[in-house]
Every structure is written in structure tokens, then in C-alpha cells.
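What follows is the residue order along each chain.
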Amino acid sequence: MSVIQIDAVGKEFKGQAVLKSVSLDVREREFCVLLGPSGCGKTTLLRIIAGLETETGGTVTIGGRRVNGLAPRERNIAMVFQNYAVFPHMTVGENIAFGLRMKKADAALIAQQVKRSAEMMHIEDLLERYASQLSGGQRQRVAVARALAVQPDVLLMDEPLSNLDALLRLEMRSELKGLLRELKTTTLYVTHDQTEAMSLADRIAVMVGGEIVQHAAPHEVYRQPATHFVGGFIGSPPMNFLSATEAHRALGVSAPAGAATLGIRPEDLDLASEGLSIDAKVVEMLGASQQITARVGNELLRVSLGIDPPVHAGQRLTLRARAGCARWYGADGKLLKAA
Amino acid sequence: MTAGKATTAKLFQTLALVISVCWLVPVAIIAVSAFSPRDAISAWPKALVPTDFSLDTLAFFFRVGGVWKATVNSVLVALLTMAFALLLGAPAGYALARFDFRGQNLYRVMIIMTRAFPLAILALPLVTRFIAVGLYDTLLGVALVHTALALPFSILVSSSLFMGIPRELEEAGWTMGCSRLDAFIRIVLPLALPGLAAAMIFSFVISWNEVFAASVLTLNNRTLTAFLFASLEESPLHFRFAGGFFLVLPSLIFIFVVRKYLFAMWGIASR
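In the order they appear, the protein sequences are chains P and S. Per numbering that gives the first Met the number 0, the first sequence starts with residue 0, numbered consecutively. Per numbering that gives the first Met the number 0, the second sequence starts with residue 0, numbered consecutively.
Calculated from the structure, these hints are not laboratory results. Here the structure is a predicted model, which means the values were calculated and not measured. Glycine included, every Cβ here is placed at the ideal spot set by N, Cα and C. Check the hints yourself; a few may be wrong.
What the hints assert, rightly or not - Derived Cβ-Cβ restraints for the label pairs, each shown as a range: (1) S:Pro189 / P:Ala16: 36 to 44 Å; (2) S:Pro189 / P:Lys114: 23 to 31 Å; (3) P:Ser131 / S:Phe11: 30 to 38 Å; (4) S:Phe98 / P:Asn67: 34 to 42 Å; (5) S:Met162 / P:Ala110: 34 to 42 Å; (6) P:Arg65 / S:Asn104: 36 to 44 Å.
Stated by the list, open to error - Partner residues are not named here, just some residues of chain S that face chain P (Cβ under 8 Å, in silico): (7) Gln103; (8) Asp136; (9) Glu167; (10) Leu168; (11) Ala171; (12) Trp173; (13) Met175; (14) Gly176; (15) Ser178; (16) Asp181; (17) Phe183; (18) Ile186; (19) Pro189; (20) Leu190; (21) Pro193.
Okay, chain P solo, but in the shape it has when bound (with noise of 0.2 Å):
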């Protein structure tokens, strides 16, 4: 069942369209990430699901019920924000109660409510600061307990890690994927960094220029990008992309018909005795693997390969694609079905 169904919704701000008829549903439990690059729209989309935006078209239904006007109180959701949002005048206790004060429930659930959050996020030392006296990583973890005290339908997350120092960032991706795992809390998480959406999401979807272009379990979206853009956003390095020209049969791949580009993911590649010969330019040993780059005509190679034998640069490499691996792009790039 989906808890969230968005149907052709769109928005429109000064003559601009940010959203271009966007269609979603999430499923009950499942955790989504809207992933795309900033300027997408992501971040309008997930607004307007919390009735922070209203849409200029389109119906969004949360729970079965249709929310369109509804004002974001009358949506029982829950959210998140980049920069946490943390009510400065209140302690973190009242900051985490905050929520269920408002739906006047009573004091006891209250309190075990405060708790409870308090304890999933490992904040219960904190219960009696202020948000001046907690550090970034606290403040977030504040966030993220208020929204989850109140028990919503569904939790709206809106690049919840994005201001946090990189180790901190790992950290808390680990425990909020755990977390809200364990809870089966329907999420819909916003995010531009690739690697926080293909470690956290059930279903990704990929949005670019006010469209989703992909939505789909983590794999597919890894192993079939449905278009250009989601092969060289998602994956680092991300997929090489070259013209149907004569290094395609080299490679040991043929094209169907209607391909205009050839993608295929670095790691597909492997040494031959025989196939595509291309000269090392460089060569970046990252420890797991080895990253080399060539040129093949006037296009960008790069290939991944395991750090034994080590490659040096200016050494000629004769490749092979993996079988099953090649993707085929029409002149449109999108992906052609496989034959």
C-alpha cells in the first residue's frame, strides 16, 4: 500500500517550472530518497508533501487521504530540516516534547514519549539544555527524536546530515538507517549525496530539472540507470559513456539497433589478452583498487581494477567488458531495453 501517492504534481514560481508533473508513491515502511543534484527541485517536492508549498497542480495523497490545502499540522507527518531547526528557547526535553503538547496529549505519554526518543537518539543526558549549549551532531540528533515523538505517518527528512563534518555524517547515517529500520517508519529522504542514498533507501529516486527520471531499488538504479544522467551521477567514479564507434566490437560487445552511446560501469572492465588496447594516462591507487584513465578518441576512460598486478602510467591495457554489463542509450539518452 502507499502512503504517500504524489500524481502529477507540479510547481511553478515565477513563470518557472520547478516541478514538471511529478508522479511518486512510497511505499508503507519503505524508506525513499529523492536524490538529484541541487536546483532539481527535490527539496520543493518533499516541501509541498509537508504543506509547506502548495503545488500549482496535481493531487498528494498521505495515508489514503487526499491533503491538497491541507495546512502541514493536519498531516501528521514529521520533519526533519537541514539545518535543524532546533527551538533555541526551549531545552531539549521541551524541544522534544514540543509536538505532543501541541495534540494536547497527556502528560504521562509525554514524558515516556520524551523518553523513549530521547533514548533511541542516545540524547537523555541532554534533556535539560539548550540548543545554544549542544554541539551540530547533537542538535541534529535533537531534530531527529522530536520528529519521531510524535509518532508520524510519515517522516519527511530534507538533507538531514548535510551540515555535519564527514566522519559524524557516517556515524549517524549507520544509526538512522538502523533506527528507522527497526521503527518501520515510512520515510521520505531528501539528499544530493549519492553514496547517503544508495546506503539508506528501500527505492531511490532520482530527480533532475524538476522530473524523476528514475525510481527504483538502489541496485537497479546502480546496474540499469535509465538515463545518462543517473549512469554519471550515481557511483564514483561514475559510468564511462562512449559514442558507438569501433571501440564497442573491441570490447567485445555489439550494439543493438537505435544505440547511440555505450555505458559501462568502471569496475566492468577487465583485463584481456585481447580487445580494446588503450595507454594509461593516470593512474590513482585508492587502496581497494586501482582508478586508471585513458583516453578512447576524443572521450574519457576510466577503468577500476583490482590493485594486483599495479598498473603504471603510460602502460598499454588491453580490456574486456564484462559479459551482461554493457547498457545501450538511444540519441535521447535513455536506456534501450535490452533485446
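Starting from the known structure of chain P, arrange chain S on it as the hints suggest.
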């Protein structure tokens, strides 16, 4: 580069010193005279510290008929002005801070323009209107005019206060069960309160100090400034000093108390 900076700093320091002296010496002389006995007032040269301290002058001032009544009037008018300026100014400031609406910039300019409009031109029409509607010689009438004077300040200051409060705090409130009004009362207001209090006190001082409108619009219900202004000509020197000191005092105290917030409002303090 650094030498240039040092020179600029020196220049500013000197300028600040000159301005301070220009403003503070008269205040000091008034204060000293107010605390000196009657005959010391015309003494020359003036002392900047009271030589023989005495409360006679102030005592005399308060015994003059009408001073107390005028003081009470002044306080009442100032309190009314403060309340009106807050009740009208804060919502206007909030609207300016939070909503994009057509003519917003024009509106901002118009707010400031009200201060550019000379009150003297308005005096006659105001008096005839006030007589017609029964506001002439009432405290409410004076308070309304003072509100008009205090409003631009009140609106612009509260708008910058509200702008300093992140929108997300309110939005978080909305998602957590607040209506717009709830969020304003529970989240925005507590955060804006110190600044709003400072703005209110400033409105109080504006009203307390205002002479012209108060003099023109009242006859029997004079505020203290209007009362002193009318009686200054025929009163003895020490009375003027005592009156002057008593008028300056509240402003000095208020400004001193709220100086931190005034700096914050004008963006001098780092954010």
C-alpha cells in the same frame, strides 16, 4: 594598509569623542545645576561636579502646580504610544519579514517617508480634525500622533528582528501541530521579545521627548514637555534646569538599559 586602518580608527575615535563631549557637557551642566542650590546656578565658571549638593531646586520644581499632573499625562501618553506602536508595528514588521507581496519595497520607503513629512504642516489640519472628532486636548489624541511618529521605527525594527529568526523554526512548529498564530506566539514571540521590548521602550522615549504635537494638540491636558515648553518663558532659571534634568532622565536610563539590544537591532553586534 594597516597604517591606513589605524588612521581611520583614530579619526573615528576623535569624532566619537567630539560628539560625546558636545552631547554630554550640556547634559552634565543641566544635571549639576539641578542638584545645586538656587544661587549657585548663575555662578560662573560652571562646575562639572556639584560643589554644594542640594535637592532644593528639584524640590521646588515638583512643588510647582501642574508638574505632577503633566508628568502623569506624559507617562500615560507614552504608555499608550508604546502599546499602539507594538500592536500595529509588530504585525506590519512580521508581514514585511515573512511575506513577499507586491509593492513591498514601496511600502518600506513609504514607512520612512512618514518621518520626512514635517509635522508643522500637519498641525492645523490635525487640530481641526481632532476638534471635530473630539480628540483635541485628550491624551488619546496625543498618543495617536506619537504612535504615527514611533511606528516607522517600530515596524522596521520588528521586521529586522523577525528576519533574524529562521523561517524553519516556524515551519518546524507548523509541522508539529502549530497554526500560524500558535507558531508565532510560541516560537517567534519568545525569541523576538528582548528586541521587541527594546523597540517598545524606544517608542516610549520618542513619545516622552515629543514637544511639538503635544503642545499644539492640548490645552489643559498638557504632557510634561508641552507644559514645560509653555511655562519656560516666564519661569526662573533653576526651574528650567530642574525640568530639563527631569526630562532627560528617563531617556538616559532607558537607552542605557536597552543599549545592548539597540546595537543588536542596528546590526552593530556580530550576528
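Each hint, compared with the structure:
1. Range check, Pro189 (chain S) to Ala16 (chain P): about 39 Å between beta-carbon atoms, so the 36 to 44 Å window is met.
2. In this structure the supplied range 23 to 31 Å holds for Pro189 (chain S) paired with Lys114 (chain P), their Cβ-Cβ distance being about 25 Å.
3. For Ser131 (chain P) and Phe11 (chain S), the Cβ-Cβ distance of about 32 Å falls inside the hinted range of 30 to 38 Å, so the restraint holds.
4. Take Phe98 (chain S) and Asn67 (chain P): their Cβ atoms lie about 21 Å apart, and the range 34 to 42 Å is violated.
5. Separated by about 36 Å at the C-beta atoms, Met162 (chain S) and Ala110 (chain P) satisfy the suggested range of 34 to 42 Å.
6. With their beta carbons about 38 Å apart, Arg65 (chain P) and Asn104 (chain S) fall inside the hinted range of 36 to 44 Å.
7. Restraint check, Gln103 (chain S) versus chain P: the minimum CB separation of about 15 Å is more than 8 Å; hint violated.
8. The interface hint given for Asp136 (chain S) is broken, as the beta carbon of that residue sits about 44 Å from the closest beta carbon of chain P, more than 8 Å.
9. With its C-beta approaching chain P no nearer than about 4 Å, Glu167 (chain S) sits inside the 8 Å limit, and its interface hint holds.
10. Residue-level restraint check for Leu168 (chain S) holds (minimum Cβ-Cβ distance to chain P is 5 Å; threshold 8 Å).
11. With a least beta-carbon distance of about 4 Å to chain P, the hint placing Ala171 (chain S) at the interface is held under the 8 Å criterion.
12. Of the supplied interface hints, the one on Trp173 (chain S) holds, with its beta-carbon coming within about 4 Å of a beta-carbon of chain P, less than 8 Å.
13. Of the supplied interface hints, the one on Met175 (chain S) holds, with its beta-carbon coming within about 4 Å of a beta-carbon of chain P, less than 8 Å.
14. Interface hint status for Gly176 (chain S): upheld, as the beta-carbon distance to the closest one in chain P is roughly 3 Å, under 8 Å.
15. At a threshold of 8 Å, the smallest CB-CB gap from Ser178 (chain S) to chain P is about 7 Å, leaving the interface hint in force.
16. At about 7 Å, the closest approach between the beta carbon of Asp181 (chain S) and any beta carbon in chain P falls short of 8 Å, and the interface hint on this residue holds.
17. Below 8 Å, beta-carbon pairs count as interface contacts, and Phe183 (chain S) has none with chain P, the closest being about 13 Å; its hint is therefore violated.
18. Here the hint on Ile186 (chain S) is kept, as its CB sits about 6 Å from the closest CB of chain P, short of 8 Å.
19. Nearest Cβ of chain P to the Cβ of Pro189 (chain S): about 5 Å, under the 8 Å cut. The hint holds.
20. Below 8 Å, beta-carbon pairs count as interface contacts, and Leu190 (chain S) has one with chain P at about 6 Å; its hint therefore holds.
21. The criterion of a C-beta within 8 Å of any C-beta in chain P is not met by Pro193 (chain S), whose closest approach is roughly 11 Å, and the hint is violated.
Hint compliance for this structure: hints 4, 7, 8, 17, 21 are not met, and every other hint is.
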